Amino acid sequence: MSFRVCSLQDLTPGEGLRIDSISPPIAVFMTEEGEVHALDDTCTHQDASLAAGWVEDCRVECPLHESTFSLRTGAVDQPPAKRGVRVHEVEVDGDDVLVELSQDAPNLPPGVTV
Amino acid sequence: MSPINPLNPGLPVDGHLLIVGSGLAGYHVARGARLNGHVGAITVLGDELHPAYDRPALSKAFLSGAAAFEHLVLDDPENPLDVTWAGGSAAVHLSSEPLGVETADGTFHGADSIVLATGAQACRLPISGQGTFVLRNVDDAIALRGRAVESQRVAIVGGGFLALEAAATCVERGAAEVTVAAGEHNPGAARLGAPVGEAVRALHERRDVAFTAPARAAEVNDVPGGQELVLADGQTVEADIVICAIGATPSTAWLRDGILSLDPVTGAILCDDTGFTGMPGIWAAGDCAQWASQASGLRPVGHWQEAVEQAGILAASLTGIPPAPFQEPYFWSEQYEVRIQGAGRIGLADEVRVVDGSIETNDLLVSYLREGAEVGILGFNRLREVKRWRKQRQVRTEPALVA
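Chains A and B supply the protein sequences, listed in that same order.
Positions 1 to 114 (the working numbering) are the ones given, in order, by the first sequence.
Positions 1 to 403 (the working numbering) are the ones given, in order, by the second sequence.
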């Protein structure tokens, strides 16, 4: 079941928006090309908000270290993170950004619980 | 590709790479060599029995109990490096002819190239009580984690991030009193500027951490009912637990009077900016080494990021591919709910300017300038700004030109 998490106007190209009304929080990204993606917001290595990371080439780099996650698949490319993040299905309906949450178990870092 | 230095033949693609030290730098050299296509054997010698692990959490999530040892392990159990790990025996002798390292158990490990990545060991006060803890290895952290802190008096010697992280973790674990002998009035002020020192002190004082008047720590004595920290100006702090976090010294005692050039003061292995020691086939990276740009003060010493970057540059040089350029120096710390991140050439700054935020709201953003130009940045819970600053200054690798 999908639900509205924000409006397109809330998003800035090249940046992430943390949605912490959902647990665990998710991050909604708009690429420079205008694509919208939703991932789990918490880096799998350590508790850091990926929404504050650096978006480039359809990947987001964690704000603490150099692991980057694909906005399309959630897969991680290099240490220190070893596991990817979940991706959530996004639908844009007019101005509304709708998300259907993944049913997989989240890969949360040590010390972080839902 | 021909080697840059004629003394330095590089590593044959099927040669044996011997890495001495299984910390962050050693692990990343091994990983880098494999990524760069090295197919020969790689052996990593470690003096600890644990698999290669990451240290930052030792004073934070691991010490608090939030993270387990498995979370610190560097290698990915689902995709492990093709490397032979040989733990539990320290290196005792380095030889150039034949090239190799002898370990304490009497084994000689021959190699085509050797990378020294033995790291550093915690400094201790010359006179130190029985119960004084240090925080460098996982065994140190396990010992401290095993000590009940609740309702205890803790004294911490040192004013760097390791000391302050340990203070924060002890507060969170319910210590009755935490006193820090930071060696300066506001910890970090000398290195990071007055606003940062003030903010760090305020952050801890809000959690009732006490700071001694600035004076060097002299000794720790066992006294009835606990320990007594004595400072050079005569101040004393009584405590049940003393944690000494006054820096680290390169683990190079085994190389003294040997074939390599060591820094006469620190004992660090002197290298060029590819990690080459000048002795054919012998390289060094991480906290045991001092690369040329560190010796000249252009690069910091002892940062996690520095070890990772050096390992990458060394692995590239060793395997004959163009190394990635150095990036802006970077460090981070976590104390309570605050992430402190600093980037750039902070040591070169002649002016520190608060750009945004405040000490009270834990969101200070500080800019470092030299002759009016920004050379560094530091933020309290400013992850977005610090990341952006670093990425915008990232030195990208140029596509290799074919001659």
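Rather than coming from a laboratory, the hints here were simulated on the basis of the structure.
All values derive from a computational prediction rather than experimental measurement.
Fair warning: there could be bad hints in the mix.
Straight line, CA to CA, 16 Å or less: simulated EDC-like cross-link-like pairs of lysine to aspartate or glutamate [stated by the list, open to error]:
hint, chain 1, residue 1, chain 2, residue 2
1, A, K82, B, D273
2, B, K391, A, E56
3, A, K82, B, D75
Now the hints, each set against the structure:
Restraint check for K82 (chain A) and D273 (chain B): the C-alpha separation of about 29 Å exceeds 16 Å, so the hint is violated. Between the alpha carbons of K391 (chain B) and E56 (chain A) the distance comes to roughly 10 Å, so the proposed pair stays at or under 16 Å and holds. Taken as a hint, the K82 (chain A) and D75 (chain B) pair is honoured in the structure, with Cα atoms around 9 Å apart against an allowance of 16 Å.
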